[in-house]
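**Q** Okay, here's what each chain looks like letter by letter:
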Amino acid sequence: MSTGDTPLHTPLSGAPFPSRRLNRWAEIVWRVAGGVDVRTKILGMVLALTTVLGLAVTLQVRAVMTRVFMEELEGRGVSVASDLASRSVDPILLNDTYALHELLSETVNNHPDALYAFVLDRDNQVIAHTFGDAGFPVELLNPTLAVAAPNLYGTIRHWVYATNEGRVHEMIAPIMGGSAGVVRLGLTEARLQTVVNTVTGQMILTTLLVALAGIVAAMILTWLLTRPILDLVATTKEVGRGDLQARAPHWADDEIGTLADAFNQMVADLDASRRAIAEKEQARFLLLKKLITAQEEERKRIARELHDGVGQMLTSLMVGMRTLQHSDAANPAAHRMDELCATASETLEQVRTLSRELRPSLLDDLGLAAALERYASEFARAHPDITVDLHCDLPARLPGPVETALYRIVQEAMTNAARHGKASAISVLVSRRANTVQAIVEDDGVGFDVAAVRKRQSSVGIFGMTERAELLGGALDIESSPEGATVYVEIPL
Amino acid sequence: MTRVFLLLLIISLLAACVGAQGAALPFVDLSVRTPLPQVAPAELTHLRIGVAAILSPQGTVASYSKLADYLAAKLGRPVDLLQRRTYAELNAMVEESQVELAFICTNAYVVGNEQFGMELLLAPEINGESVYYSQLIVPAESAAQSMADLRSQVFAFTDPMSFTGRIYPVYLLQQMGETPERFFQRTFYTYSHDRAIEAVADSVADGAAVDSLVLEYALQRNPALASRIRIIHTSEAFGIPPVVVPPTLPPRQKAQLRDLLLTMHTDAAGQAVLRELGIDRFVEIDNAAYDGVRAVVHATGIGE
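Sequences listed follow chains F and Z, in order.
Residues 1 to 493 in my numbering are what the first sequence lists, from first letter to last.
Residues 1001 to 1304 in my numbering are what the second sequence lists, from first letter to last.
These are computed hints drawn from the structure, not numbers from a lab.
If you're wondering where the values come from, they're calculated on a predicted model, not measured in any experiment.
Please note: incorrect hints may appear among the correct ones.
Label pairs and their in silico Cβ distance ranges [claimed, not checked]:
hint, chain 1, residue 1, chain 2, residue 2, range
1, F, 144, Z, 1098, 45 to 51 Å
2, F, 39, Z, 1027, 37 to 43 Å
3, F, 124, Z, 1231, 56 to 62 Å
4, Z, 1062, F, 154, 19 to 25 Å
5, Z, 1185, F, 124, 44 to 50 Å
6, F, 154, Z, 1141, 35 to 41 Å
7, Z, 1287, F, 144, 40 to 46 Å
8, F, 165, Z, 1098, 36 to 42 Å
9, Z, 1027, F, 26, 43 to 49 Å
10, F, 16, Z, 1027, 35 to 41 Å
What the simulated footprint calls covered on chain Z by chain F, stretch by stretch (three residues with Cβ under 8 Å from a Cβ of chain F suffice, anywhere in the stretch; the number is not a length) [to be verified]:
hint, stretch
11, 1028-1038
12, 1056-1063
13, 1071-1084
Heads up, incomplete: computed chain F residues facing chain Z, CB under 10 Å, no partners named [what the hints assert, rightly or not]:
hint, residue
14, 90
15, 96
16, 125
17, 131
18, 132
19, 141
20, 145
21, 161
22, 163
23, 164
24, 306
25, 308
26, 310
27, 341
Ideal Cβ placement from N, Cα and C applies to all residues, glycine included.
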């Protein structure tokens, strides 16, 4: 039952019946039915069904039996009464009272439902009866009582009255058309009523037994139905507490089983996704660490390059110029100037190389294709034993971030192929599709175990490539075999 | 749920209760019993007519009730028609004056006359004579041509005291030097002539001896019977069954009854009654008319 201000169940939506009273009843039924648990609902349904069915069948059978029995009783009464009437003729005409009495007694004794029989003569005097010596219920002779008895079966009249021994059907049969009197036969319903009551009792007992069996069946059914649901609820709570290893048991291949499976799948997916997030987090952490390290390395390299290369050149230039300052001779001066110019020019070249290595200005100025071509030729120069085959099918400039990402990914893939793959040929294909741009870097090296490398989280390079692609909503896939490795990148535009 | 269930239960029980009750019936307490009221003695003295079971009880009522009604109208007092199963019982009633008038068998008269002086009143007359015969009948399909052919068969007697139905066939056997016990396989009593005819017609009995008047009357009533039975022997003529009165009947009453019966054929109502009885009129008869019967009775020794 609902408590407090918050109802535990929603009320009936709208008004399902046209009558207000009916709706009110429906509301009450809904409130009662909605307020109890499933076990009580099923139990109630089973009990109500069996009881209503049992009672209805019992009542119906009882009514039919009573009607059939009463018809049969009347039919039997009519035949017995007409038999009595015809067999009474001779004893009455011969004044054989004893034979008449014997006839009545035997008839009553031989018919289980016969209560009494008596014969009245023409003057309504009782000439024989089966009530014995104790006297006669003279009330039966009251002429106003049976007067309304209709002629039901030919000449035989039938009427029903109540007695202290139950209802009695009386048949009144004329003897010799009434000229010799009438015979009246009383049949009691008691025996048939007992049969009807016995059958009714048996049926009610059966109904009770069926209801009992129904209770047991309902309890088993309820247990079968609610057990998986309760398990599911418990598992949900465990998952809610953070235990993603919790699984709901699959009890049966029904809807609840499907629900449990779907729930388990959901928890498994959640677990996997959480694992993936953790892995990615870990990789990002490593990347960040390596980025910082790489940044420091790069700075150290630039500092060394500046100190060892450009610094030395500039120092030597400064020493040359100071020597020139303190010298007066003109001729040797021209020779010295040429030397200084060469040093300055070399320094400028070193600065340019450094600058290009940091970021190719071509990428910004002429686009990805030109930058990649430049890179490929430099790569070929740096690695003379590797053949580089580059195809760029880019009719127009791509967005800046995409060009940068693709440039760095191709750069990383080629470096990897040269450094780890021992490749002798590298093929690069960049092409524009309808809404994407695709890059494929293929080498003929020894390949590597992609899953192991990914799992080790040691390869910042591979992770960096993936991150670059995913940051732009794209995807990166690596296939590797002992015959070589292929990197596929696709970035949406 | 529980409330709904309870509601259904209550409705079912109510329906059951309503179904069980019917219209209010009259009530009789069968345990209240009192002695039957005594019949008040009749204010008028009834005339009691005894009729011997020549016909079956119902046949007797059919034939004699009109006579009773006629006499009641003529005498101005109720008439009771009394029957008994055997001739002997009716003879006893005549002897004890329990009847004022009796229609009985010839042998019953012969015996009653000898035993207690039963008095002849009148006798019916048919076709100008007051005689009848004993006739031996067999089923139509029977091959029997005479009493001798009925050896080891089943034979129906009418009444132990019946002249035509028992004494005459026993007399016939006696002439052949036989007794019914030896001659027949089995015998039984039907206690009326019309039942004996039915027994033969239905082949319950292989033969019977019956009153010719009853047979003729039965054949008139039911012509189909003729095809089911066959008469193989007719006796000599005997005195017709008479109308008798007890010896103690007051002479005035005896004279009144005689006059009434003797003049019946003179009025229309009386003629109708006589037609119903199958006779023309009642006539005076002499005791000697029954000597032939007496001879046969004495020869057989039955009833002595």
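**Q** Each hint: holds or not?
**A** Do the hints match the structure? See the list:
no. : hint                       : verdict
1   : F:144 / Z:1098: 45 to 51 Å : violated (37 Å)
2   : F:39 / Z:1027: 37 to 43 Å  : violated (53 Å)
3   : F:124 / Z:1231: 56 to 62 Å : violated (46 Å)
4   : Z:1062 / F:154: 19 to 25 Å : holds (21 Å)
5   : Z:1185 / F:124: 44 to 50 Å : holds (48 Å)
6   : F:154 / Z:1141: 35 to 41 Å : holds (36 Å)
7   : Z:1287 / F:144: 40 to 46 Å : violated (58 Å)
8   : F:165 / Z:1098: 36 to 42 Å : holds (41 Å)
9   : Z:1027 / F:26: 43 to 49 Å  : holds (47 Å)
10  : F:16 / Z:1027: 35 to 41 Å  : violated (51 Å)
11  : 1028-1038                  : holds (count 10)
12  : 1056-1063                  : holds (count 5)
13  : 1071-1084                  : holds (count 3)
14  : 90                         : holds (5 Å)
15  : 96                         : holds (7 Å)
16  : 125                        : holds (6 Å)
17  : 131                        : holds (6 Å)
18  : 132                        : holds (9 Å)
19  : 141                        : holds (9 Å)
20  : 145                        : holds (6 Å)
21  : 161                        : holds (5 Å)
22  : 163                        : holds (5 Å)
23  : 164                        : holds (5 Å)
24  : 306                        : violated (90 Å)
25  : 308                        : violated (93 Å)
26  : 310                        : violated (94 Å)
27  : 341                        : violated (107 Å)
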